Amino acid sequence: MNAPLFRRLVVDGSGRVGSPAEAWRDFIASERARLIDARPIDAVLNRPKEPGRREGLGKLGRRLFRDLALYDRPRHPNVRLLHWPFLHEAALGAHALYCWMRLGQEVARAHGRPVLAQAADILRFAWTDGLDAQTYYMQELYKPGAGARAAETLTRFETKNGLFSALKRLAPRHKSGRAPLGDKLAFHARCRRHHIPTVPVLLTAIGGELSPLDAGLGAGGDLFVKPRRGKGARGTTLLTQVGRDLYLLPDGRRLSLDAYLAELARASHATDYLVQPRLFNHPDIADLATQSLIVIRVITCLDAAGAPQVTHSMLRVLGKLEPLWRDATEYGAPIDLETGRLGAMTGDRLAGALAWHDHHPATGAPVNGRHIAQWPAVRDAAIAAHRAFTDRILLGWDIAVTPQGIVIVEGNAVPDVAFLQRVHRQALGMSPLAPLLRHHLQRLTEGRTAPRPAPTSRSWRPQTWHR
558 MNAPLFRRLV VDGSGRVGSP AEAWRDFIAS ERARLIDARP IDAVLNRPKE PGRREGLGKL
618 GRRLFRDLAL YDRPRHPNVR LLHWPFLHEA ALGAHALYCW MRLGQEVARA HGRPVLAQAA
678 DILRFAWTDG LDAQTYYMQE LYKPGAGARA AETLTRFETK NGLFSALKRL APRHKSGRAP
738 LGDKLAFHAR CRRHHIPTVP VLLTAIGGEL SPLDAGLGAG GDLFVKPRRG KGARGTTLLT
798 QVGRDLYLLP DGRRLSLDAY LAELARASHA TDYLVQPRLF NHPDIADLAT QSLIVIRVIT
858 CLDAAGAPQV THSMLRVLGK LEPLWRDATE YGAPIDLETG RLGAMTGDRL AGALAWHDHH
918 PATGAPVNGR HIAQWPAVRD AAIAAHRAFT DRILLGWDIA VTPQGIVIVE GNAVPDVAFL
978 QRVHRQALGM SPLAPLLRHH LQRLTEGRTA PRPAPTSRSW RPQTWHR
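Going by the numbering used here, the sequence shown opens with residue 558, and the numbers climb by one from there.
Be aware that one or more of the hints could be misleading.
Said to hold, decoys possible - Once the Cα atoms are required to be at most 25 Å apart in a straight line, the calculated BS3-like pairs of lysine-lysine come out as:
#	residue 1	residue 2
1	Lys-725	Lys-616
2	Lys-788	Lys-700
3	Lys-616	Lys-700
4	Lys-877	Lys-788
No wet-lab data here; the hints were simulated from the structure.
No experiment lies behind these values; they were computed from the predicted model shown.
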């Protein structure tokens, strides 16, 4: 679930976030809190936990997320009820028990950490670092040195539910508005204006109207249909050409192109769609998938001068797009930023938390030690793409390596941090992203001249829930 066990969710009259128990605690200590919070804002929000020791990036991110009330909407976990106090804590407690029972014995055998010590670890990291049991196992916090890594680890909870959204607002908006990442048609248009190689849009289906774009549908070949707005592969359809004007659909039907487009036009009254050509993998990496498009996730972040820097890269293969695998796992392997060399491959499923593969678990192709020959071009494409989207601080790019060259598939303003840290076996606070992210987190506190008022019995009446 990748969410902290102990967190604040009641909003007071001043906009602060807290739990009911913390409301009473703060009310009792309100006079003392008033004296403490009279210090300058930098002393309150940027104070190290210990004199002379810098606060871990993960702890810093979670503290700013809480103290600046950055929670905006429930993106993770994606079940709305699990964002309510008590239900949230109960679910995390049950999930912690499941994780411990599922992996405790396996970790004890493989790494010598007793199961009761693991339980104590989970409780300790929940209390001191706001980490849950899934983070404990997926980020290998049962290994030596876990305390330092836990403090540097960011989770999906704070990043997806508001922290990264706050970072987006730090960058200046263009006159035409914020960079269109969720709208694939607008994203395509901006890439074209800036000469960024992206997937052609052959046809749009909007409000019942079909409109050709780019080269149109005359060239034939397999087609890929996706919603205009959406993330990942949700709602997509692959049309495999099996005849001159005949296409095979995933449900087994065979339709002429005209018949399918008529269905698509009707469906577009509810949802806008784009029709694009199917992309194929470059022969150098084609053995790492069967049918799906492999993408390379590249993380870029603006530095203090506003120039994009590449901080992470990994190869991604989505099992849910491979019908023959019968495996919904997302597999990833880190890419060395200097050499383009791949590391060992792992998955995003809890059941495989201890699994690392030198060879692809489905295709058997070698992974660990393999070089991506096109890596320099992929890195350059990510930097060029971010230069076209400088009204975003942090971006995750999905980039395909095809026989025709490098193609930017999509950009993500709230990239996943949990799998990224797992694949690299490195907390973000210990990675090349850390100094850049610390700079921008510091900027979140700028412009504030005083802390929010100390809580009182009136201000702590819960007025609404974040939901």
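Check your understanding: Does the alpha-carbon distance linking Lys-616 and Lys-700 stay inside the 25 Å limit?
Key -> 19 Å, holds
Review point. Are the Cα atoms of Lys-725 and Lys-616 separated by 25 Å or less?
Key: 20 Å, holds
Point to revise | Pair hint Lys-788 and Lys-700, alpha-carbon separation not exceeding 25 Å | key: With a Cα-Cα distance of about 34 Å, the restraint between Lys-788 and Lys-700 is violated, given a limit of 25 Å.
Exercise for review: Quickly compare the C-alpha distance for Lys-877 and Lys-788 to 25 Å and report which way the hint goes.
Suggested key: Judged against 25 Å, a Cα distance of about 14 Å means the pair holds.
When held up to the earlier numbered hints, the structure conflicts with hint 2 and nothing else.
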